[in-house]
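**Q** Taken in order, these protein sequences are the chains called A and B.
Going by the numbering used here, 75 is the number at position 74 of the first sequence; the sequence numbering is gapless.
Going by the numbering used here, 1236 is the number at position 41 of the second sequence; the sequence numbering is gapless.
Be a bit skeptical, because a hint or two may be false.
Label pairs and their computed distance ranges (CB to CB) [said to hold, decoys possible]:
1) I1270/B with Y89/A: 51 to 61 Å
2) I1259/B with M2/A: 13 to 23 Å
3) I1324/B with F56/A: 24 to 34 Å
4) I1270/B with F86/A: 44 to 54 Å
5) V16/A with I1259/B: 16 to 26 Å
6) I107/A with R1271/B: 39 to 49 Å
7) T68/A with A1310/B: 41 to 51 Å
8) I1324/B with R60/A: 29 to 39 Å
9) L82/A with L1263/B: 35 to 45 Å
10) R63/A with I1270/B: 35 to 45 Å
Hints were generated in silico from the structure; no laboratory data involved.
Built from N, CA and C at the ideal position, the CB exists for glycine as well.
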Amino acid sequence: MLIPFPVVFLVSAFVSDIVFWSTGAEIWAVVSMWLLGAGVVMALVAALAGFADYFGDSRVRRIGDATQHMVGNLTAVVLALVNWFIRYQSSPVEGVFPFGFWISLITVLLLLFTGWKGWELVYRHRVGVSDQGQV
Amino acid sequence: MPSAQSSFERTAHGVHALFLSFPIALFSAALATDISYVNTAQIQWTNFSSWLIAGALVFGGAVIAFALLQWILDIRRPFGRASLIYLLVVIVMWGVGLVNAFHHSRDAWSSVGTAGLAMSVVCTVLALIAGWILFSRPASWEFDR
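With these hints in hand, go ahead and build the complete structure from the sequences.
**A** Structure below.
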């Protein structure tokens, strides 16, 4: 149940970038940066759970969707980290344009793809689903 | 009888789970920012909280709609009681979140305080419980492999 955190934080970071673009108020750029940071941290925690499934279970490793999900998410995390770092190096406000905003967008698009893969993994391949039956 | 679910229901469940993810993460984050505010007294933390709670409520409203429809579908199924519990959990979560939102609209120091913190804790815990119930649902489905 870790996955909500990085997904929501990184998507919200993009939303907050849009609001910053629209309003120009510095607070939103700061919010973006916090959400990016929290998103990266939670993504790494969720990645540990994912690695346990992927590297610990050969059935999961054989699923193509799983590899795509992993590679896509690792890319998203790297992008988000770069995004955070750009803002850290200059300032939360200066970091948003030109690059931060677009990296945020690409990250969200990547998450749409990996989210779809994750859906397939749970609902079709039943990764992480207990087959003991009724809850 | 096997509880095979139509692919429409499975897709709807996926969208529902995505929507619930927002209150889970945003209420949790609001609790963290509330704690930051109480520790630092820097006003922007409580502003951050307010927006996080607002976002959680927006998606939480959609979750209630999903939960209501799901319960109605489930009334005669084995999962019916869990669906009702889930519906009640998300309604209470949203209600407390709403009161918390109003509380956070107060001025400065009074915007959080003990009451605000308590409500943030309640919302976070209820969101996590809701997530536990909802995310464990696929375990009860039969699928063609």
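**Q** Would you mind marking each hint as holding or not holding in the structure?
**A** Structure-based check of all given hints:
| no. | hint | result |
| --- | --- | --- |
| 1 | I1270/B with Y89/A: 51 to 61 Å | 52 Å, holds |
| 2 | I1259/B with M2/A: 13 to 23 Å | 20 Å, holds |
| 3 | I1324/B with F56/A: 24 to 34 Å | 31 Å, holds |
| 4 | I1270/B with F86/A: 44 to 54 Å | 52 Å, holds |
| 5 | V16/A with I1259/B: 16 to 26 Å | 21 Å, holds |
| 6 | I107/A with R1271/B: 39 to 49 Å | 46 Å, holds |
| 7 | T68/A with A1310/B: 41 to 51 Å | 48 Å, holds |
| 8 | I1324/B with R60/A: 29 to 39 Å | 30 Å, holds |
| 9 | L82/A with L1263/B: 35 to 45 Å | 40 Å, holds |
| 10 | R63/A with I1270/B: 35 to 45 Å | 40 Å, holds |
Every hint, counting from the list given before, is met by this structure.
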